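Chemist: If you read the protein sequences in the order shown, they are chains A and B. Residue -2 is where the first sequence starts when you use this note's numbering, and the numbers rise one by one after that. Residue 619 is where the second sequence starts when you use this note's numbering, and the numbers rise one by one after that.
Simulated from the structure, these hints should not be mistaken for lab results. Some hints could be false.
Below, computed lysine-lysine pairings styled on DSBU-like, alpha-carbon distance capped at 30 Å [unchecked claim]:
no.: 1; chain 1: B; residue 1: Lys930; chain 2: A; residue 2: Lys336
no.: 2; chain 1: B; residue 1: Lys754; chain 2: A; residue 2: Lys262
no.: 3; chain 1: B; residue 1: Lys637; chain 2: A; residue 2: Lys383
Given the structure is predicted, the values throughout are model-derived calculations rather than measurements.
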Amino acid sequence: MDAILSLEGVGKIFPGAVALSDVSLSIACGETHIILGENGAGKSTLIKLLAGIYQPDSGTIAFNGEPYQPKTPHDAQLSGIRIVHQELNLLPYLSIAENLMLESLPRRAFGIVDRKALNSRAVALLKEVGLDIDPRTRVEALGVAQMQLVEIAKALSYDSKLLVLDEPTATLTPPEIERLFAIIKRLKSRGVTIIYISHRLHEVFEIGNRVTVLRNGRLVATRELQGLTVPDLVRMMIGRDIADEYGFDASIVPGTVALSVANLKRDASTPDISFAVRHGEILGVAGLVGSGRTEAMRALFGADPKLDGLVEIDGKPVAIAAPKDAVRHGLSLLTEDRKGQGLLLDMPVDKNITITDLDKVSRNGLLNRRAEVAAANDLVGQLRVKASSIEQAVRNLSGGNQQKVVLAKWLFRGTSTLILDEPTRGVDIGARREIYQLLWMLAAQQKGIIMVSSDLPELMGMCHRIIVFSKNKIVGEVPRAEFDQERILSLAYQEYVRP
Amino acid sequence: MSETSETVVAAPVSPAKAKFLRFLVRDAGVLLALVLITLFFSATAPYFATSGNALKIFVQIAINTVLAAGMTFVILTGGIDLSVGSVLALCTVVGATVMIDENLSPAVAITLALLACMATGAVCGFLNGWISTRWKIPSFIVTLGMLNMAAGAARVVSDNSTITGLPQSFVDFGNLIIGGFLPSIFLIAVLVIAAGWFVLRFTVFGRMIFAVGTNDEAVRLSGHNPDFYKVAAFTISGLTAGIAAMVYLLRLNIGSPIAGVGYELNAIAAVIIGGTSLSGGKGSIIGTLVGACILQVLSTGLQLLGVGDNFKPIVIGLVIVLAVILDAYRERLLRKIR
Chain A
-2 MDAILSLEGV GKIFPGAVAL SDVSLSIACG ETHIILGENG AGKSTLIKLL AGIYQPDSGT
58 IAFNGEPYQP KTPHDAQLSG IRIVHQELNL LPYLSIAENL MLESLPRRAF GIVDRKALNS
118 RAVALLKEVG LDIDPRTRVE ALGVAQMQLV EIAKALSYDS KLLVLDEPTA TLTPPEIERL
178 FAIIKRLKSR GVTIIYISHR LHEVFEIGNR VTVLRNGRLV ATRELQGLTV PDLVRMMIGR
238 DIADEYGFDA SIVPGTVALS VANLKRDAST PDISFAVRHG EILGVAGLVG SGRTEAMRAL
298 FGADPKLDGL VEIDGKPVAI AAPKDAVRHG LSLLTEDRKG QGLLLDMPVD KNITITDLDK
358 VSRNGLLNRR AEVAAANDLV GQLRVKASSI EQAVRNLSGG NQQKVVLAKW LFRGTSTLIL
418 DEPTRGVDIG ARREIYQLLW MLAAQQKGII MVSSDLPELM GMCHRIIVFS KNKIVGEVPR
478 AEFDQERILS LAYQEYVRP
Chain B
619 MSETSETVVA APVSPAKAKF LRFLVRDAGV LLALVLITLF FSATAPYFAT SGNALKIFVQ
679 IAINTVLAAG MTFVILTGGI DLSVGSVLAL CTVVGATVMI DENLSPAVAI TLALLACMAT
739 GAVCGFLNGW ISTRWKIPSF IVTLGMLNMA AGAARVVSDN STITGLPQSF VDFGNLIIGG
799 FLPSIFLIAV LVIAAGWFVL RFTVFGRMIF AVGTNDEAVR LSGHNPDFYK VAAFTISGLT
859 AGIAAMVYLL RLNIGSPIAG VGYELNAIAA VIIGGTSLSG GKGSIIGTLV GACILQVLST
919 GLQLLGVGDN FKPIVIGLVI VLAVILDAYR ERLLRKIR
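Isolated chain A (complex conformation):
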């Protein structure tokens, strides 16, 4: 088989993190190649390299035997690589036909759009993906599955040689997935090469020829799918042994319940959830991205509205309508989006730390700068934040040090229960260990800690207990003695696997 696309030692580095490292991969002409990996394994970085959104820092990519160096997404399209991104890129207020041929609308004299040609070509394209809809329909009127098919039809309209589908089934129902697979098979029989990214392990066997697994930015293996099983894939995805970088502290014994949540309901369509965390306990929250973990934590904290639910702190019911209520009752939230929601990026370290409780460093509304600087310096030293001074803007700190600043701001406030959403995402290994140590110190001080993470070994290394989310539901709770990667992962996939 000839290779249509080959990567040689491709690497991509972001400030503070290596996203892809030394990936060599060859996609054969006409095959459907599956790419698997956990969140953060490097799948999306790889796609963005192919799409011309990022450029590799090392290594080479060849497409059709020629060097492939797209500088923009437009370059990628011109060379015949089409990417259907997970988040769709259609223009809602234009018709299907206009969306399909936006980049080269058929024209008559004076640049007037030739509607007739436009619509008839659109009908032909839609037929290829099995959509029987008037091409003049506006895209906003379509369902998600139909939009997905329009995106694929759009990709076909450019005579693409290589089609990249990024988690196309993430939002589809089983019958829709069935239809999508039929179309993928048809495209395959026509000789289109497909790269298919997914985290749904069961479905990939139906359409894939080979599979490549990424982990921590590195390529684990490329194998024929035939003969592999779901557990094989899981092992490849998670792979590494849980080396004890976590420092689980067995001497800490969880005490009374610090925070309990009963029948928390975000909106009419999501199920109730209930859970509790004890003083001195680290409670893990596992689940896929989009499984409702983050949303549940935000609703609990008052960051997003909730319909119903009883929150109790130390056994006393509290009303939390907004984050300020949560903070007043001693809760802290470290958000997964550190830069967008956690930090005042252009403000210095000290002002980021004291923002949670300016009353502590002021009197009658007047700031006491000396007290503020002293308090900030104290925490910066305690958490070993590496900054040139506390007046450095947090934007210029590394991911790990930024995360320490977020932790410092909650420690400054004083907290009884911390909710940490992906606390080590984008944090290098050294700072990661320091964060783990800090969490053990907090646990030793009898604080309750809820740790949401996509890094399963991390959760298993750190937590006393893990609860698992799947499709907005808590589908299981696993105590430390029964920790098992495959069990937790299969729980996480439970609600997504087709019966």
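Since chain A is already given, all that's left is putting chain B on it; use the hints.
Modeler: Below, chain B without anything else, positioned relative to chain A:
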């Protein structure tokens, strides 16, 4: 891996040096521009470097400086207030109407007028802030609506005519030049700037204004209500429009429903030239004072140079655009320094 991150974040300059550079780029730059422009006109324009001309400039910037002081708060939170010109008009007719009431002694009338101006302005500003935060509407649109409503209200209150006959003591105070060099209305403007500077620099409230403008979602998730500070900033902007209306009455001695046309743009220009970022979170009110000075020095200087009234706005417009370009450039410089 940790090594990579450390090299990326290593600070390029020492803290003390960074502090100095930051001061130079962020604060001293505008002041330097003012000095250079002033020197240029002193050398080239006849009569520019006279005490009479300096006094005239001080008198002329008073209204804009007061408006721009409040505008600084709004822009720091990431908003914009287009209504201050017509809110000023409304306040001048309200204030003048109160002041010419014959049943009141001059002292009482003036005091009541001041309170009425400030209250009217603050209510307009509060509405701007409350509507834009309550319904999450861009302040650009809400204050554009207020611009029209306040202008209409000014006509209704004044029956579409100018109001004259203010108490003589009031008029006299407006013409007062303290010690022969400090016009009373300029003193008012400087006091307003000083109050704003104190609040922004030394109070918890001022810190929150900067924080909200930097990232309101992070502020909310840190346990605060960012909308409170946004509404407060608009209320302050309305309040200063009310104070500016009193300055207007002191200077021109009439309440007019057509006062203040275009004043909002001058106020915004002063804030931006003064180095406050339109995207919020960064800036200084001292810069705003300097920005107002630059605008007036340019205007007066060009006039004395004999540049026609038709060309003057072109030059001033160019300076405003230049200031915004410099603002973007300054951001990049500051990022490198920090």
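Chemist: Compare the structure with each hint and give your call.
Modeler: Here's how the hints hold up against the structure:
1. B:Lys930 <-> A:Lys336: 44 Å, violated
2. B:Lys754 <-> A:Lys262: OK: B:Lys754 and A:Lys262 at ~25 Å, within 30 Å.
3. B:Lys637 <-> A:Lys383: Since the Cα atoms of B:Lys637 and A:Lys383 sit roughly 18 Å apart, the hinted pair holds (cutoff 30 Å).
The structure shown violates just one earlier hint, number 1.
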